[in-house]
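Trainee: What follows is each chain in one-letter form.
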Amino acid sequence: MVPGAPPPGDFDVPDPRVADNPRAVEPRDLFEILTREHIDSVRAFLLASLRDNVAAEDVLQETFLVAWRILDRYDRRLPFGPWVRGIAGKLLLNHRRKLGRSRVHYCDDQLLVHLDEGFRDFARQQGDTFDEKLDALRDCLDHLTGPQRESIRLHYEHGLHCKEIAQRLGIGFEAVKKHLQRGRALLHRCMHTRLPSGDVA
Amino acid sequence: MNERTPPIDPAAESWRELDDTLADGPAPVEVPAAARPWLAEQRLLHGLLRALHTADASARESRIAGILDRIDRERAARPQRWWLVAAAALVLAGFGVWLVLPARLPTAEAAMERVVAELARDVDRRFHVELVSTTVSGKELRFELPLVTRPGMRFRIDGKLPLGAFQLGCDGAELWWLSANGVFRRAGPLAERERLLQGLGDVLDLGYLDVHELVQKLPADFELAVVGRERTADGPQLRIEAKRRTSDARARLRTAWLTCDEDSGMVTHLEVETDLGRGATRHLTLQYLGEEPAGLVDYRRPW
Numbered sequence: 000m001v002p003g004a005p006p007p008g009d010f011d012v013p014d015p016r017v018a019d020n021p022r023a024v025e026p027r028d029l030f031e032i033l034t035r036e037h038i039d040s041v042r043a044f045l046l047a048s049l050r051d052n053v054a055a056e057d058v059l060q061e062t063f064l065v066a067w068r069i070l071d072r073y074d075r076r077l078p079f080g081p082w083v084r085g086i087a088g089k090l091l092l093n094h095r096r097k098l099g100r101s102r103v104h105y106c107d108d109q110l111l112v113h114l115d116e117g118f119r120d121f122a123r124q125q126g127d128t129f130d131e132k133l134d135a136l137r138d139c140l141d142h143l144t145g146p147q148r149e150s151i152r153l154h155y156e157h158g159l160h161c162k163e164i165a166q167r168l169g170i171g172f173e174a175v176k177k178h179l180q181r182g183r184a185l186l187h188r189c190m191h192t193r194l195p196s197g198d199v200a
Numbered sequence: 000m001n002e003r004t005p006p007i008d009p010a011a012e013s014w015r016e017l018d019d020t021l022a023d024g025p026a027p028v029e030v031p032a033a034a035r036p037w038l039a040e041q042r043l044l045h046g047l048l049r050a051l052h053t054a055d056a057s058a059r060e061s062r063i064a065g066i067l068d069r070i071d072r073e074r075a076a077r078p079q080r081w082w083l084v085a086a087a088a089l090v091l092a093g094f095g096v097w098l099v100l101p102a103r104l105p106t107a108e109a110a111m112e113r114v115v116a117e118l119a120r121d122v123d124r125r126f127h128v129e130l131v132s133t134t135v136s137g138k139e140l141r142f143e144l145p146l147v148t149r150p151g152m153r154f155r156i157d158g159k160l161p162l163g164a165f166q167l168g169c170d171g172a173e174l175w176w177l178s179a180n181g182v183f184r185r186a187g188p189l190a191e192r193e194r195l196l197q198g199l200g201d202v203l204d205l206g207y208l209d210v211h212e213l214v215q216k217l218p219a220d221f222e223l224a225v226v227g228r229e230r231t232a233d234g235p236q237l238r239i240e241a242k243r244r245t246s247d248a249r250a251r252l253r254t255a256w257l258t259c260d261e262d263s264g265m266v267t268h269l270e271v272e273t274d275l276g277r278g279a280t281r282h283l284t285l286q287y288l289g290e291e292p293a294g295l296v297d298y299r300r301p302w
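Respectively, the protein sequence lines represent chains A and B.
When we follow numbering that gives the first Met the number 0, the leftmost residue of the first sequence carries the number 0, and every step to the right adds one.
When we follow numbering that gives the first Met the number 0, the leftmost residue of the second sequence carries the number 0, and every step to the right adds one.
It is possible that part of the hints are untrue.
Facing chain A, a subset of chain B residues (Cβ under 10 Å, in silico) [said to hold, decoys possible]:
#: 1; residue: Leu-43
#: 2; residue: Thr-106
#: 3; residue: Arg-238
Simulated restraints on C-beta separations [as the list claims (entries may be wrong)]:
#: 4; chain 1: A; residue 1: Gln-166; chain 2: B; residue 2: Ser-178; range: 39 to 47 Å
#: 5; chain 1: A; residue 1: Leu-98; chain 2: B; residue 2: Glu-270; range: 21 to 29 Å
#: 6; chain 1: A; residue 1: Gly-158; chain 2: B; residue 2: Glu-139; range: 31 to 39 Å
#: 7; chain 1: A; residue 1: Ile-170; chain 2: B; residue 2: Ser-61; range: 35 to 43 Å
#: 8; chain 1: B; residue 1: Asp-220; chain 2: A; residue 2: Asp-130; range: 50 to 58 Å
#: 9; chain 1: A; residue 1: Asp-130; chain 2: B; residue 2: Asp-297; range: 43 to 51 Å
#: 10; chain 1: B; residue 1: Leu-275; chain 2: A; residue 2: Gly-126; range: 56 to 64 Å
Simulated from the structure, these hints should not be mistaken for lab results.
C-beta: ideal position from N, C-alpha, C; glycine also.
Use the sequences and the hints to build the structure in full.
Mentor: Next up, the structure:
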């Protein structure tokens with residue numbers, strides 16, 4: 000999970016632990032900057048695995064508190080995002096052990112590595128903020144077929160379950176699942192093609 | 000499908016059942032290694048789409064403020080207990096479990112959010128209500144009532160007050176009550192609650208019977224604090240105290256205490272202290288008894 004080099008756009012922050020660094024900032028101030036920079040991507044990372052929004056908020060807060068407590072272990076030559084998502088991943092696995100499989104989607108170390116790679120790719124999308132990077136997703140939604148887009152809208156925007164969507168669209172439950180899964184796969188491919196040139200695998 | 004749609008991947012089709020983001024059941028026990036990249040891709044988009052549709056600038060700011068507030072509190076507390084932390088770190092390092100720290104008390108706001116989210120579930124819940132009223136003259140009156148409630152001002156009581164046995168209910172729009180012998184009955188819009196309840200005496204405050212509504216309103220006007228955690232046979236229980244921030248003379252509810260199940264977020268015990276003026280008080284205790292089977296409770300008036 001440890002990447003090789005900071006991604007483009009990862010800002011250069013002075014090391015607060017170097018006492019004679021003329022640019023030294025208070026660790027707490029530095030941490031606030033890092034929190035503001037990464038909280039949205041860590042939240043999305045947790046929402047990918049936790050069913051309950053409130054539980055995601057709890058684990059999100061715990062993630063940044065643990066990160067603060069062990070900040071001296073963070074190697075500032077490496078990007079902060081994967082490091083803090085690594086902490087979130089460990090807390091997720093703890094949470095899953097504690098609450099069981101009904102509260103947390105399938106998780107293991109390997110799956111979390113793949114998921115983290117996805118978030119690292121997402122961090123390379125154009126835009127300075129998480130919300131600006133989400134523009135790629137917003138644009139890609141226009142590339143879906145009508146039923147895929149409608150299923151995704153009803154599920155994520157209106158919070159409807161597959162059964163309710165099936166009733167609303169007059170199609171079968173399995174058809175809704177297919178629209179949602181194929182829609183997400185298409186969004187993934189579409190967003191991959193929108194990575195800045197040279198980044199596409 | 001439009002022209003840009005790539006062909007369907009047959010392998011991915013066979014993994015569809017492994018994706019538990021679209022099902023209510025538990026997650027699969029094991030997933031084949033080959034399916035993990037596809038599953039991670041689905042989950043990445045699941046997380047991004049959820050984030051996209053729950054983006055809220057003010058919630059984001061309060062999230063950040065909550066984290067920084069806890070950090071500041073930890074920093075303030077650290078000098079007094081550095082030796083304790085060092086000793087604990089040594090012990091934990093020895094066992095190689097540095098990250099598996101015992102759970103800390105959550106913020107009262109976070110705990111309350113969980114409580115409200117759990118109470119918002121559209122199910123019927125049964126509570127045992129104990130009501131202790133102290134009159135201006137110091138006389139104490141005690142009643143015990145069974146309550147079934149559902150979010151949306153739906154509740155039903157089949158109990159006994161000084162005036163006799165009765166049924167009282169509300170279906171969210173219409174409030175009604177019926178004496179056990181069927182002789183006396185009233186029904187009307189919820190907005191006319193004061194007039195409708197005159198026959199029952201001033202012993203019930205309907206605002207406290209919609210438990211979800213009551214708890215949901217607490218964070219706005221009350222100072223919340225987690226005051227303890229108990230380990231019981233049912234799991235860890237958090238105790239939250241809510242004290243009114245302002246001294247609004249019109250406000251009758253002064254203090255509330257909640258005990259909630261830390262795993263589920265469900266409030267298991269609720270106490271409310273109200274000040275009726277001139278020394279008169281009312282103390283309401285609700286003990287959670289569990290969910291009612293679906294479809295058994297009818298909140299509509301029985302006639």
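Trainee: Work down the list of hints and note, for each, if the structure agrees.
Mentor: Verification of the hints:
no.: 1; hint: Leu-43; in the structure: holds (4 Å)
no.: 2; hint: Thr-106; in the structure: holds (8 Å)
no.: 3; hint: Arg-238; in the structure: violated (18 Å)
no.: 4; hint: A/Gln-166 <-> B/Ser-178: 39 to 47 Å; in the structure: holds (43 Å)
no.: 5; hint: A/Leu-98 <-> B/Glu-270: 21 to 29 Å; in the structure: holds (28 Å)
no.: 6; hint: A/Gly-158 <-> B/Glu-139: 31 to 39 Å; in the structure: violated (47 Å)
no.: 7; hint: A/Ile-170 <-> B/Ser-61: 35 to 43 Å; in the structure: holds (39 Å)
no.: 8; hint: B/Asp-220 <-> A/Asp-130: 50 to 58 Å; in the structure: violated (32 Å)
no.: 9; hint: A/Asp-130 <-> B/Asp-297: 43 to 51 Å; in the structure: holds (47 Å)
no.: 10; hint: B/Leu-275 <-> A/Gly-126: 56 to 64 Å; in the structure: holds (57 Å)
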